[in-house]
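Could you put the whole structure together from the sequences, leaning on the hints where they help?
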Amino acid sequence: TQGYITQHPYVTYVNMIAKSLDAYVLNQAIGGDVFFDGNLDENLNFNPDIITVAYGTNDWSHESDVKANALNYFIKLRKIYPDKKIFALLPIFRGGIKGDIRNGYSLEDIRGQIKAAAEKNNIIVINCKNFIHHHKDYFWDKTLHPNELGFVFYAQGLLKEMEKHLL
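Positions 1 to 167 (the working numbering) are the ones given, in order, by the sequence shown.
Check before you lean on any hint, since a few could be wrong.
[What the hints assert, rightly or not] Cβ pair distances, simulated, as ranges:
(1) Asn27 x Gln156: 15 to 21 Å
(2) Gln7 x Gln156: 15 to 21 Å
(3) Leu40 x Asn130: 26 to 32 Å
(4) Asn43 x Lys129: 33 to 39 Å
(5) Glu63 x Asn39: 16 to 22 Å
(6) Leu167 x Tyr10: 21 to 27 Å
[What the hints assert, rightly or not] With a straight-line cut-off of 27 Å between C-alpha atoms, the simulated BS3-like cross-links for lysine-lysine are:
(7) Lys67 x Lys115
(8) Lys164 x Lys115
(9) Lys67 x Lys79
(10) Lys160 x Lys120
(11) Lys129 x Lys160
(12) Lys160 x Lys84
(13) Lys85 x Lys160
(14) Lys115 x Lys85
(15) Lys164 x Lys79
(16) Lys67 x Lys129
(17) Lys120 x Lys76
The set of hints was computed from the structure by calculation and includes no laboratory data.
For every residue, glycine included, the Cβ atom is placed at its ideal position computed from N, Cα and C.
What follows is the structure, encoded as structure tokens:
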């Protein structure tokens, strides 16, 4: 997962989680991307212990078949890493979308589709939508991308949930 824009790259939830777990990070996220199994490299020379996947919000706002794309992505990811801890991070809060329907779905519908696809592939699902306070002061763009303070709350919530499956 990426951890998009921040003035200080250390202060992204990805880096804070890595520090808390004393882990090395290989961040392969692509800003603005969607579930696309072609991005998974079966020959990657990296053997992770933990994998996190945080797609969904861009899938929802683009015309894509989230249900099928997420399922195909998780099938391939599980095939590449059959014995690894994989976490599907459901989309965080997005300001300004209450009741918004895109491509026939609400963002909550998309969370449900991702959850179902992940669970079919023995992937741990973490609902991240309430990790960051639903207020514009926690987002650099006031609606979607967390600022440093937003990332602190995201990291705290995520770490608490991940640790339930890592101990």
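Violating hint indices (sorted, rising) = The structure breaks none of the hints.
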